[in-house]
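**Q** Now for the letters of each chain:
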Amino acid sequence: MATGPRKQFSRRAWLTAASGTAASGLVMTRFDAVKATVQEVPAQSVDPTRVPGRFVSEVGRRAPGEQPRRLVRTLALSSSSRTPLQDLQGTITPSDLHFERHHAGVPDIVAEEHELLVHGMVERPMVFRMSDLRRYPQASRICFIECSGNGGGAYNRNRMPTAISPQQLDGLLSTSEWTGVMLSTILREVGVRPGASWILAEGRDAAVMARSVPLDKAMDDSMLAYGQNGEAIRPEQGYPVRLLLPGWEGNAQVKWLRRIEVSDRPTMTRDETSRYTDPLKDGTARQFSFVMDAKSIITFPSYPYVLPDRGWWEIEGLAWTGRGRITRVEVSTDGGRSWADAVLQPPILSKSTVRFRHLWNWDGRDTVILSRATDETGYVQPTVQQLWDARGEGTSYHHNHQRAWKVASDGSVTFGLGDLV
Amino acid sequence: MNRPVVGMLAAVLAACTPDAPATPAASDATGPGGEAVAAMPAGAPEQFGFGAHASEDRIARWDIDVKPDGEGLPPGSGSVEEGRRVYELSCMQCHGPTGTEGPNDRLVVAGDWEQWPPGRAFGAFWPYATTFFDYTRRAMPQLTPGTMSDDEVYAVVAYVLHLNGLLAADAVLDAESLAAIEMPARDRFVPDDRAGGPEIR
Chain P
1 MATGPRKQFS RRAWLTAASG TAASGLVMTR FDAVKATVQE VPAQSVDPTR VPGRFVSEVG
61 RRAPGEQPRR LVRTLALSSS SRTPLQDLQG TITPSDLHFE RHHAGVPDIV AEEHELLVHG
121 MVERPMVFRM SDLRRYPQAS RICFIECSGN GGGAYNRNRM PTAISPQQLD GLLSTSEWTG
181 VMLSTILREV GVRPGASWIL AEGRDAAVMA RSVPLDKAMD DSMLAYGQNG EAIRPEQGYP
241 VRLLLPGWEG NAQVKWLRRI EVSDRPTMTR DETSRYTDPL KDGTARQFSF VMDAKSIITF
301 PSYPYVLPDR GWWEIEGLAW TGRGRITRVE VSTDGGRSWA DAVLQPPILS KSTVRFRHLW
361 NWDGRDTVIL SRATDETGYV QPTVQQLWDA RGEGTSYHHN HQRAWKVASD GSVTFGLGDL
421 V
Chain W
1 MNRPVVGMLA AVLAACTPDA PATPAASDAT GPGGEAVAAM PAGAPEQFGF GAHASEDRIA
61 RWDIDVKPDG EGLPPGSGSV EEGRRVYELS CMQCHGPTGT EGPNDRLVVA GDWEQWPPGR
121 AFGAFWPYAT TFFDYTRRAM PQLTPGTMSD DEVYAVVAYV LHLNGLLAAD AVLDAESLAA
181 IEMPARDRFV PDDRAGGPEI R
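Those protein sequence lines, which keep their order, are chains P and W.
Quick note: the first sequence uses the numbering used here, first residue 1, plus one each step.
Quick note: the second sequence uses the numbering used here, first residue 1, plus one each step.
Everything labelled a hint here was simulated from the structure, so no lab data went into it.
Don't take each hint at face value.
Stated by the list, open to error - With a straight-line cut-off of 20 angstroms between C-alpha atoms, the simulated EDC-like cross-links for lysine to aspartate or glutamate are: (1) P:Lys406 with P:Asp309; (2) P:Lys281 with W:Asp105; (3) P:Lys281 with W:Asp193; (4) P:Lys281 with P:Asp363.
Unchecked claim - Listed next, with one range per pair, are the computed distances between beta-carbon atoms: (5) W:Arg61 with P:Arg234: 23 to 31 angstroms; (6) P:Leu75 with W:Arg61: 29 to 37 angstroms; (7) P:Ser78 with W:Glu101: 16 to 24 angstroms.
The beta-carbon is built from N, C-alpha and C at its ideal position, and this holds for glycine as well.
With the rest of the complex left out, here is chain P (with noise of 0.2 angstroms):
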């Protein structure tokens, strides 16, 4: 397959910048060595064929030339890091890249004493040790979480950013197996009662992050959510267990859960009215605005890599609907005047980000590339325009339209959404 090779390559030749910028200070040196000349690549110092290799070990590392960052935005309580789209391979995100986003830290949580009450409507009101829950039926499955703030960087028409990579940009995004048990079945134990409509899910964090959830989600597909691609899910997600709602907003999926009330109303919590709901231009604001709708974003060429060459290059990026599965990824390389099909890598998975390629010859000139996505339920990806249509540009969520990278003759990429607004 191609892939090894050109992979290989191009970790020697092109001029790639790690994902962040100077305010990260983790990548600072990396980003700013590889700016202006090509990438420093630990010396080969032995010939390994000629020397005995290391060891077995306990809990192995990264190759020493590959070492993705989370791009930190703040250091504060209220803060969030983002995941490195670009330098990743496949769907599954690794755990230690998962996006954050936490309203008050990361709580210090002792699984051994950790309960999670269930009570309200409810015929017998229950608490749950974390071995009660890791002893019912169990479930596994693939899907997405996206932050419902992804991608606001490109939403104002009056400061379209061209030097944003696509961690900075929609890096709110990570895919995991998630392993637990569903919230069906704990409902079906404690007996919800006639009449129910609505949870309440409530975190152990210093916020105590609450979001009401409609019940029908609730008895559908979400999840208690303990384990993560193939461990137990790490504190930054929700350690020792979280809310799961596949499709939905991140916020939604209350992490370090602690208390589900079953109710007949929404609570109105503070991250369901005065945040995370979407001012309209009609003076409206929609609220319990879950479903995340489809989108995509191509994550090779973008900035900051340089194509240091004309000819074939593969154009890949991730596409992504909470609503069910991606059915086709459309590419554009000529600025959104004649679109083709990408291949999609499968599994294609309900909820699931999807990995779509583009082989692409290119001529050496000046143009812009773009993707569209198109989901099961016939939803094709908005332009930007269409967005600003049909919401206004008010509001700073769901922000799924079309993304667009501008690629020059010399071979640098920046974002270039905004040659087209």
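Go by the hints and put chain W onto chain P.
**A** Chain W in isolation, oriented as in the chain P frame:
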């Protein structure tokens, strides 16, 4: 009952009658690849009996949420004047002398009430005053959350309402009067009206 969500509630209620089985939809239970398997294997008992009964006292310790009709509001009260002292001691450092200066979230709307979108200040973009009590009690002050008494929370909510021009300077707030407050943004909020399919909305 909360007007903005009536439509949604009706839909949810219809989907959750007592007859509805407490298992995932078949479409998501049987798909290929990495999707969830059926939650309940054949032969599973009605109840497994794992977990422990939660007593009233146990529930009361954690049941802190407050709903817009006032359900969940504790006994107690606080005045605007008391709230000023609480604010200056516990809130001003992050929210500024008048609730507008930051560095953290703006609490007081200043200027044009008809501006849209109005930012996120309490006075401008919070549909329920009960939410402000709920959030303050659960999450504030940021560095010492959960340390204010219920009376102090009533007081500081009263003071911030006053700063927003929504409560008189000599007012006292308790469960009944807090739940009765109509916020200016009250009727702005509408439930998600995206209907699915190709429509961009």
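**Q** Hint by hint, note whether the structure agrees.
**A** Results of checking the hints against the structure:
For the suggested pair Lys406 (chain P) and Asp309 (chain P), the alpha carbons sit about 15 angstroms apart, so the restraint of at most 20 angstroms is met. The suggested pairing of Lys281 (chain P) with Asp105 (chain W) is violated, with an alpha-carbon distance near 24 angstroms, which exceeds 20 angstroms. Distance restraint check for Lys281 (chain P) and Asp193 (chain W): the Cα-Cα separation of roughly 14 angstroms lies within the 20 angstroms cut-off, and the hinted pair is therefore satisfied. Restraint check for Lys281 (chain P) and Asp363 (chain P): not satisfied, since their Cα atoms lie roughly 42 angstroms apart, outside the 20 angstroms limit.
For Arg61 (chain W) and Arg234 (chain P), the Cβ-Cβ distance of about 28 angstroms falls inside the hinted range of 23 to 31 angstroms, so the restraint holds. Between Leu75 (chain P) and Arg61 (chain W) the beta carbons are some 33 angstroms apart, a value that agrees with the proposed interval 29 to 37 angstroms. Range check, Ser78 (chain P) to Glu101 (chain W): about 18 angstroms between beta-carbon atoms, so the 16 to 24 angstroms window is met.
Going down the numbered hints, you'll see the structure goes against 2 and 4, while the others check out.
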